[in-house]
Structure formats: C-alpha cells, structure tokens
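There are 2 protein chains.
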Amino acid sequence: MDAVWQSQRNELFARWQEIYDLTGIAALLSWDQSTYMPVGGGSVRGRQLALLERLAHERRTDPAIGRLLDVLQPYAESLPADADDVAQLRVMRKIYERSTRVPAAFAAEFAEHTANSYMAWVAARPQDDFAAVRPYLQKTLDMSRQLAEFFPGCAHIADPLIDFADEGMTVATIRPLFEELRQALTPLVATISQRPPVNDSFLHRHYPKLQQIAFGEPIIRAFGYDFARGRQDETHHPFMTKFAHDDVRITTRIDEYDLGNALFSTMHEAGHALYEQGIDAAYASTALDTGASAGVHESQSRLWENIVGRSRRFWEHYFPALQAAFPEQLADVDVEAFHRAVNRVKPSLIRTEADEVTYNLHVIIRFGLELELLEGKLTIDDLPEAWRARYHENLGVYAPDDRDGVMQDVHWFGGPIGGSFQGYALGNIMASQFYAAALAAHPEIEDEIGAGRFATLHTWLRENIYCHGARYTAQELLTRVTGQPLTLAPYLTYLRTKYSAIYGPL
Amino acid sequence: MDAVWQSQRNELFARWQEIYDLTGIAALLSWDQSTYMPVGGGSVRGRQLALLERLAHERRTDPAIGRLLDVLQPYAESLPADADDVAQLRVMRKIYERSTRVPAAFAAEFAEHTANSYMAWVAARPQDDFAAVRPYLQKTLDMSRQLAEFFPGCAHIADPLIDFADEGMTVATIRPLFEELRQALTPLVATISQRPPVNDSFLHRHYPKLQQIAFGEPIIRAFGYDFARGRQDETHHPFMTKFAHDDVRITTRIDEYDLGNALFSTMHEAGHALYEQGIDAAYASTALDTGASAGVHESQSRLWENIVGRSRRFWEHYFPALQAAFPEQLADVDVEAFHRAVNRVKPSLIRTEADEVTYNLHVIIRFGLELELLEGKLTIDDLPEAWRARYHENLGVYAPDDRDGVMQDVHWFGGPIGGSFQGYALGNIMASQFYAAALAAHPEIEDEIGAGRFATLHTWLRENIYCHGARYTAQELLTRVTGQPLTLAPYLTYLRTKYSAIYGPL
Chain A
1 MDAVWQSQRN ELFARWQEIY DLTGIAALLS WDQSTYMPVG GGSVRGRQLA
51 LLERLAHERR TDPAIGRLLD VLQPYAESLP ADADDVAQLR VMRKIYERST
101 RVPAAFAAEF AEHTANSYMA WVAARPQDDF AAVRPYLQKT LDMSRQLAEF
151 FPGCAHIADP LIDFADEGMT VATIRPLFEE LRQALTPLVA TISQRPPVND
201 SFLHRHYPKL QQIAFGEPII RAFGYDFARG RQDETHHPFM TKFAHDDVRI
251 TTRIDEYDLG NALFSTMHEA GHALYEQGID AAYASTALDT GASAGVHESQ
301 SRLWENIVGR SRRFWEHYFP ALQAAFPEQL ADVDVEAFHR AVNRVKPSLI
351 RTEADEVTYN LHVIIRFGLE LELLEGKLTI DDLPEAWRAR YHENLGVYAP
401 DDRDGVMQDV HWFGGPIGGS FQGYALGNIM ASQFYAAALA AHPEIEDEIG
451 AGRFATLHTW LRENIYCHGA RYTAQELLTR VTGQPLTLAP YLTYLRTKYS
501 AIYGPL
Chain B
1 MDAVWQSQRN ELFARWQEIY DLTGIAALLS WDQSTYMPVG GGSVRGRQLA
51 LLERLAHERR TDPAIGRLLD VLQPYAESLP ADADDVAQLR VMRKIYERST
101 RVPAAFAAEF AEHTANSYMA WVAARPQDDF AAVRPYLQKT LDMSRQLAEF
151 FPGCAHIADP LIDFADEGMT VATIRPLFEE LRQALTPLVA TISQRPPVND
201 SFLHRHYPKL QQIAFGEPII RAFGYDFARG RQDETHHPFM TKFAHDDVRI
251 TTRIDEYDLG NALFSTMHEA GHALYEQGID AAYASTALDT GASAGVHESQ
301 SRLWENIVGR SRRFWEHYFP ALQAAFPEQL ADVDVEAFHR AVNRVKPSLI
351 RTEADEVTYN LHVIIRFGLE LELLEGKLTI DDLPEAWRAR YHENLGVYAP
401 DDRDGVMQDV HWFGGPIGGS FQGYALGNIM ASQFYAAALA AHPEIEDEIG
451 AGRFATLHTW LRENIYCHGA RYTAQELLTR VTGQPLTLAP YLTYLRTKYS
501 AIYGPL
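Here the protein sequences come in this chain order: A and B.
Numbering-wise (my numbering), the first sequence opens with residue 1 and increments by one.
Numbering-wise (my numbering), the second sequence opens with residue 1 and increments by one.
The hints are simulated quantities; they were obtained by calculation from the structure and are not laboratory data.
A virtual CB, placed ideally from N, CA and C, is assigned to each residue, including glycine.
Treat the hints loosely; a few may be bogus.
Below, a sample of chain B positions facing chain A; criterion: calculated Cβ distance under 8 Å [unchecked claim]:
#1 ARG47
#2 PHE227
#3 ASP246
Pair ranges (Cβ atoms, derived) [said to hold, decoys possible]:
#4 PRO320(B) / PRO218(A): 39 to 45 Å
#5 ILE213(A) / VAL122(B): 17 to 23 Å
#6 VAL122(B) / PHE106(A): 45 to 51 Å
#7 ALA81(B) / ASP381(A): 57 to 63 Å
Make the full structure from the sequences, and use the hints.
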C-alpha cells in the first residue's frame with residue numbers, strides 16, 4: 001500500500017476505534033443500569049450516557065473523517081471489489097454521511113427526549129396511563145418525521161428510518177412481502193384454531209430459578225456461546241449487548257411459574273451473541289465488528305431459539321435431562337407432550353410471548369401502524385383504538401387496556417416511530433432461508449441436533465454469516481449464502497411442515 | 001452574584017461536571033473489570049480506560065479552565081472565606097495546576113506504563129518472579145522521580161507525590177511522626193509477644209459464604225450504609241468505588257476458612273463508603289464530591305472496622321447473633337474469646353492481614369523504602385533484600401519469597417513509587433483523634449454501640465467530617481473538628497487501653 005494511504009488509513013481506523021470504544025463503554029453503562037445499578041445511580045446514569053453519545057457523535061461527524069474518506073477513495077478503487085477495506089470504507093462512509101445529515105442540536109434534543117420518554121413510559125405503563133405518555137409519543141412522531149426529512153428523495157417517509165436498521169429495505173419491498181405473509185398466516189391460524197388445543201399447563205408449575213439457570217447454561221454452551229467472552233445475568237427484559245469484540249453478554253428473565261420464559265429467551269439472546277462472537281477477529285474494533293442488519297441479527301436469535309430450540313429433534317435429546325432436572329414437575333409429561341406444549345399456537349396480546357405462527361402478525365400490525373402514523377393517516381389520539389381494532393381483525397383478540405396494547409413495547413418510547421419492527425419479521429423469514437441453505441450443505445445437521453451436537457450448524461453459520469460482520473448488506477448476504485434474495489417460500493414450508501406434525505395436516 | 005460571574009461560574013461547573021462524569025464512568029469500568037468481566041473483556045478494557053483518562057486529562061488541563069478560574073478570582077475574593085464557592089475554586093485550581101504541570105505526553109506514557117506494569121505484576125506475583133517485574137519497577141522509579149521534578153522547589157523529592165494523596169503533608173512532617181510511632185510500637189509488640197498467646201483457631205473453621213454475607217450486610221446497614229445508593233459484590237481485593245454521588249459501591253473478599261476476612265473487610269469498605277455517601281448533596285458532581293485526603297479516608301474505614309467493629313462493646317451486642325448464625329462453628333466460643341481472637345497481635349508478613357498494633361510498622365517500612373528509592377540511596381536491585389531486612393528488624397519475621405515480600409502490594413505496580421502508603425498510618429492516627437472528639441461530644445456513643453446502635457456516631461461523623469467532602473485539607477479538618485492538628489496521643493492511648501484489656505497491663 002502507498003505510504004500516504006497507509007498513514008491516512010491508520011488515522012481513520014484509529015479515529016473509528018474511539019467511536020467503537022465510546023459505544024462499547026456506553027453499552028456497559030446501560031448493561032449495569034439493567035443488571036446491578038442501585039436506584040440511586042439512576043439520577044446521573046442518563047447524563048453519563050448522554051455525555052458518551054455526544055462524544056461519539058462529535059467523532060462520527062468530525063470533518064476529518066470526511067476528509068480521510070475522500071483521500072482514501074482512490075485507494076478503495078485500487079482494490080479488488082471484495083477486499084476488506086472496500087467494505088470498511090463503505091460502512092464508515094454510510095455512518096458518516098448518515099450522522100452528518102442530522103444536525104447536532106437535533107440529535108441532542110432527540111436523545112434527551114428519548115430518555116425522558118422512556119422514563120415516562122416506565123412510570124405510566126404499570127398504571128395503564130396512556131394520557132401520561134401521549135404528549136411524549138406526539139413529540140416522538142413529530143421528531144421522527146423531521147428525522148426522516150433530513151434524508152430527502154426517498155419514495156416513502158419511513159424509508160430512511162427503515163434503512164437505519166435494515167439497510168436497503170424499503171416500504172416498497174416490505175409492504176407486499178408482509179401482505180403475502182399475512183395472507184398465508186391468517187388462514188393457518190384459523191385452521192389451527194379449529195384443531196384440538198394443545199395442553200401446556202405443566203409449563204406453569206413451579207420451576208425454581210437456580211435449576212432453570214443450571215439447565216439453560218449448558219445448552220447455550222453446547223450451541224457454541226463462549227462464556228470466556230461473555231456472561232449471562234438476569235434482567236427484567238432480556239437482551240444481548242457488546243462492550244468489545246471479546247465481551248458479548250446476554251441477559252435472561254426468569255419466571256418460576258413459566259418454564260419456557262427463561263429457557264427460550266436464553267437461547268434467543270445466545271443466538272444474537274453467537275453472531276457477534278463469531279465475527280472475524282480481524283474486524284475487532286472496526287466498523288465491521290457488528291451484525292449486518294436488524295433482520296439478519298434477528299434471523300440468528302430466532303434460528304437458535306425456534307428452528308433448533310423448539311424442534312422435536314432437539315427435545316428428543318434434551319428432554320430426559322430436563323425431566324431429570326425437574327423430576328416432580330415433569331413426572332407425567334413425555335417428550336411429545338413437551339414438544340407440543342412449547343409450540344402451542346394461540347392468538348394472544350403479547351408479541352414477545354407469541355408462538356411462531358402468530359408472531360409475525362404482531363409485527364405486521366406494528367409496521368402498518370408506523371407507516372400510517374408517519375403518513376399522517378393516523379393520529380396519536382386514535383392510535384390506542386386502532387391498535388385494538390387491528391388485533392381484533394388479525395388475531396381475534398381484544399386488548400382490555402393500553403398497557404398490553406399500544407404501550408406494550410418499549411420501541412416507540414425509546415427511539416423513533418418507524419423502522420423499529422420490520423426486522424423481527426424479516427428475521428423469521430431469513431432464518432428459514434439460511435437454515436435451508438445450511439441443511440442443503442450439511443444434511444447431517446438435523447441428526448446432530450438430535451444428538452445434542454451443534455458444531456456443524458454453528459460452524460456453517462459462522463463461516464457463511466457471522467464472520468462477515470457488517471461487511472455485506474442483508475440482501476447481499478442472502479444472495480451470497482442462499483443463492484437468492486429474500487424469499488418467503490422456505491419460511492412458509494417450515495411453518496407448514498412443523499405445525500402439521502403437531503396439529504395435523506395444514 | 002454578578003451576572004457575568006454567574007455565567008462564568010456555570011460554565012466552569014459544567015466543564016467540571018464532565019470531568020466528574022468521565023471519572024465516574026472509568027470507575028464503573030474498573031469495578032466491572034474486578035467483579036463480572038469475562039476474561040475476554042480484558043483485551044480492550046485497558047484501552048477503554050486509557051481513552052477515558054485521556055478525555056478527562058484534556059478537560060482538566062483545558063486552558064479555558066485556567067481562564068475561568070482567573071476570571072472568577074475576584075468573585076472568590078468577594079465572598080466570605082468560608083463560602084462553599086471559595087473551596088470549590090480552591091480545589092479546582094489545585095487540580096488544574098497540578099494537571100497542567102505534567103506534560104500530556106508524560107501522563108499518557110505513565111498511564112500506559114502503569115497498565116503494563118500492573119499486568120506484569122499480576123502474572124509474575126504467583127510465580128514469585130521478581131526478575132519479571134524488575135524492569136517495570138525500574139521504569140516506575142525513573143518516572144516517579146520525573147513526575148516529582150515537574151513540581152520543583154519542594155524540600156524533598158517525595159513531597160509532591162505525598163501531596164497528591166495527602167495534601168499539605170511532607171516528608172518533614174511525616175518522618176518524625178512515624179519515628180515516634182515506631183518507637184512506641186516496637187516495645188509494645190515486644191511486650192505483647194511475651195504474654196500468653198491468644199487462640200484464634202476457631203476463626204478458621206468452615207464458615208459458608210452465603211451465611212457470611214447474610215451476617216455482614218445487616219451490620220453495615222446498621223452503620224448507615226445506604227444500599228439504595230450502593231451495593232456489595234465480591235472481588236479478589238476488596239475496595240470502595242464511586243460512580244456518582246448516589247452510587248457508591250463496595251466489594252468484599254470471602255474466605256470460607258477465615259471468618260474475619262470478609263467481616264472486617266466489609267466494615268472497612270463500608271467506612272470508606274459512609275464517607276462518600278455522607279458528602280453534602282449540594283456538592284454532588286463537583287470538585288468537592290470526594291474525600292479530603294487518603295489519610296482522612298482511611299481514618300473512616302479504620303474507625304468503623306477497628307474502633308467500632310473490633311470493640312468489646314460491639315461484640316457484646318453482635319456475638320449472640322453470630323453464634324446463632326454459626327451454631328456449630330462457635331459452640332465452644334464465648335464473647336470474650338471471640339473478641340480476643342479478632343484482636344490477636346502477631347507479627348506477620350502481610351500488611352492487609354496485620355493486627356492493629358503491628359499494622360503501622362508495615363506502613364512505616366514501605367514509607368521508608370519509598371524515600372530511599374527516590375533519594376537514590378537504594379536501588380531496585382537491592383530492594384527485595386532491603387525489604388526482608390526491614391521486616392526482620394522491625395517485626396522479627398523473614399519473608400521466604402518476594403511474593404509476600406516486595407511484590408506483596410499492588411501500589412508500586414499500579415502507580416508511582418512515593419506517596420502511596422503514608423495515608424494508611426495517618427488514617428489510623430486520625431481515626432483515634434476523631435473518635436476521641438466524637439466521644440467527648442457524645443459520651444453515650446459507646447453504650448449505643450453496645451446496643452447495636454450507631455446513629456449518634458454516624459450523625460456526628462457525617463456532620464463534622466463527611467458532609468464537607470474535599471472542602472478542607474486534612475489538617476484544617478482535624479483542627480476544626482478536634483481542636484488540634486494531627487496528634488499521636490489519642491492513638492497511643494487507644495492502643496494501650498484496648499490491648500491492656502486483652503493482654504494485661506502494657
């Protein structure tokens with residue numbers, strides 16, 4: 001490499017490493033806030049986080065970054081198209097340009113508003129007090145529209161917000177996909193509702209906390225989660241977080257009267273963590289040391305949680321151990337009954353507790369409401385009733401309050417309205433598409449799962465998806481790994497096959 | 001206040017708050033490193049801490065701080081001498097001038113060297129490998145001398161290093177004080193050695209961890225430690241740390257075969273924490289929101305650990321509860337035997353495990369070695385043997401290796417040589433001086449301790465010491481609170497009285 005390029009490249013990467021470290025430090029502060037922080041710490045924690053965000057934003061938008069990217073443009077053009085540095089420069093430029101579009105004063109105001117809005121939601125939700133969050137939500141909507149307008153020339157006002165999370169996706173691509181999905185799911189849900197219901201009452205017996213943890217941790221260790229580069233703690237809402245390439249932590253939530261809660265949230269967050277832990281070590285502390293998109297990330301959490309962790313083969317191996325861990329609670333249960341119970345389909349109000357068949361309808365409802373709000377077709381005042389109506393129409397259930405209705409998810413109270421939810425459904429679709437490709441390459445994977453072994457699957461995912469980090473967009477990655485762009489077919493096949501085995505032919 | 005002064009004052013305090021927050025954030029990173037961080041996190045943690053230190057140093061030495069301090073000088077002069085803002089400006093100026101004396105390049109190099117030196121020590125100490133740390137220690141000595149030379153005009157090369165930790169103290173004041181102390185302690189140790197030995201073998205029975213924690217936490221809660229503004233976790237070396245005014249955490253170390261270890265380290269760190277938690281809320285996030293000096297801080301940890309926690313009265317109240325918690329282990333022990341055991345005097349190699357009588361000799365040895373190293377009278381090569389010789393001479397024990405000799409403490413491997421140890425002995429002396437003043441004001445304190453009540457003592461300490469934070473120097477505080485400057489008499493009286501009751505007239 002040209003010596004001038006080399007020194008400019010070094011400077012750019014050193015500057016980016018500071019942004020990476022400030023982000024990792026902020027993640028540690030947030031993790032502590034959710035895990036161990038005493039209540040007193042709360043008064044200053046928001047200010048500490050705001051300081052770190054301001055320092056990171058200053059660095060992301062430093063004109064020196066723009067100058068270095070420009071100087072290095074000929075260097076990038078001198079490289080083969082698939083060189084690492086081409087991707088590095090592309091991703092840094094994307095973040096630089098996105099960040100500089102947003103005025104610093106707006107970014108600061110939005111960060112502060114988001115923090116206030118979140119605190120209002122935390123206080124109001126248990127009281128079912130929509131009136132208390134209404135003005136915050138109105139301001140969030142106004143600011144989300146402003147934020148979108150900093151990126152003119154998009155076909156739809158939601159497009160830039162979607163692009164933040166799922167680069168390359170637009171309303172024009174997602175809307176028809178989600179409509180097709182909805183039309184496939186609705187009759188499936190209706191048919192299953194006519195079949196004899198599945199009994200899952202034994203999942204709600206008393207399962208002591210420590211035994212639940214002791215059962216779950218060896219499973220994710222077997223998946224490949226590296227506890228030397230992470231750990232698991234308890235929080236109210238489970239999440240995965242990353243402080244550095246070799247410090248990727250997860251949290252879980254334990255309900256002593258709901259065996260599935262911790263078990264599947266542990267697998268879910270471990271799926272996210274396997275992705276981050278599997279990124280090429282050469283990308284450590286760079287712009288590529290993160291996942292490709294919200295959708296691809298969710299595809300991995302859902303793959304491990306559902307396609308692996310809720311499969312019949314998986315429980316053929318693990319059920320005896322589970323029964324040994326909880327001999328009294330599961331004395332009258334066999335593997336078939338257990339597998340059916342953890343896959344029971346039942347329309348419900350809560351997204352995060354939804355089964356695989358109804359889950360996407362929750363996402364599609366939210367995505368549609370976001371678009372209508374941004375388009376100005378729906379007002380915040382009308383939102384609670386619109387929420388109820390959509391649930392009734394799509395899932396046949398009716399939220400008795402706003403707590404489990406419009407105030408259910410943190411997203412609209414912790415970020416913009418727009419772009420927050422599509423990744424959950426995209427992830428489900430991608431999970432099946434990726435998994436089908438893995439199976440095509442290694443048909444032995446299912447037998448291995450049945451033997452409690454996951455190395456072939458994990459290695460395939462790491463070599464084809466994880467190692468690349470943010471190097472490819474979701475569509476590039478899908479095409480590269482599966483031979484085609486995002487496609488619904490493998491997902492619908494997966495659902496029909498799996499649930500036919502449980503509920504009879506669908 | 002003049003409107004111009006007001007706006008300048010606001011700017012100065014806002015700038016200082018950033019320094020305060022960066023320091024608090026760094027403390028959280030260090031706490032996590034010692035408590036929960038997986039090994040993988042270590043590779044980047046030092047870099048993250050170095051970044052925060054650099055950002056804080058840039059802000060502490062920003063010429064704008066000097067300009068604001070100058071502009072506000074007439075404001076300070078317009079105030080009564082005891083106004084809060086006079087102290088605020090004095091302390092900020094002290095830190096600004098101290099920080100700007102040290103070139104940024106030197107500060108960065110020293111921070112990096114310290115991190116490397118610490119890691120070398122962590123690896124070498126278990127192997128008893130002095131040769132591995134020798135070059136680091138040599139560089140530390142060289143850099144400590146350089147650091148001191150940035151502050152010319154001192155009577156002794158160690159004076160600026162001592163001043164960092166114990167402002168106002170010098171070699172000229174400490175050396176004769178420590179010599180007087182040594183001459184009082186040496187015969188005391190010799191006399192006690194002739195008396196029948198105290199049995200403490202029952203402290204080394206098996207005391208399960210969870211019961212130890214369950215016994216210790218209510219004690220520090222009774223002292224006044226506020227768990228809503230703090231928490232206790234386990235670490236290899238116990239410490240107190242502060243992330244913000246309302247987030248002051250402690251750690252403890254639990255040895256299931258040494259009951260005293262966790263018990264007294266918990267009280268010790270709680271003493272430090274009571275100080276920080278007791279600072280006036282009006283000083284939150286300012287330069288005064290910290291202790292007065294290393295010595296004053298240590299006086300509070302030692303007061304709660306030793307004067308309260310190792311007193312006969314204390315155990316008259318708590319021993320029945322301890323016996324109930326460990327009925328088998330303490331079946332054959334009574335309160336008198338227990339009190340004697342936790343106060344057994346026995347010359348030993350390890351400072352942190354030393355009894356109250358021999359403890360200061362450990363400190364005096366280190367202080368003397370630091371001076372000789374800085375003066376050039378002792379070389380690093382000769383240090384291990386000098387250490388052994390001093391221990392033999394002063395304590396009659398001989399370190400069989402360097403692990404428990406010269407490599408015993410982290411201090412010289414985590415900071416400069418010079419100024420690191422005097423605070424421990426100063427703290428013991430001050431503790432008795434403060435406690436005597438508290439007793440003079442409230443003679444009922446000892447009866448209250450005998451009833452497991454600490455409110456009068458805690459309130460007196462808070463109102464006379466804690467609330468002031470860094471407002472006064474140690475000498476100012478001592479004079480203000482006890483009517484006289486630092487004086488040895490109350491401490492020697494305390495030791496003679498206490499140990500005469502255990503070992504017979506001394």
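Assuming the hint says 45 to 51 Å, is it satisfied by the Cβ distance from VAL122(B) to PHE106(A) or not? holds, 46 Å
Satisfaction of the PHE227(B) interface hint, Cβ to chain A closer than 8 Å: holds, 7 Å
Assuming the hint says 57 to 63 Å, is it satisfied by the Cβ distance from ALA81(B) to ASP381(A) or not? holds, 60 Å
So, ARG47(B) near chain A? Judge it on the closest CB pair being under 8 Å. Hint holds; ARG47(B) Cβ to chain A Cβ min 6 Å, cut 8 Å.
Distance restraint evaluation - ILE213(A), VAL122(B), Cβ atoms, bounds 17 to 23 Å: violated, 30 Å
Holds or violated: is the Cβ of ASP246(B) closer than 8 Å to a Cβ in chain A? holds, 3 Å
Return holds or violated for the Cβ distance of PRO320(B) and PRO218(A) against the range 39 to 45 Å. holds, 43 Å
In the structure shown, a violation is registered for the earlier hint numbered 5 alone.
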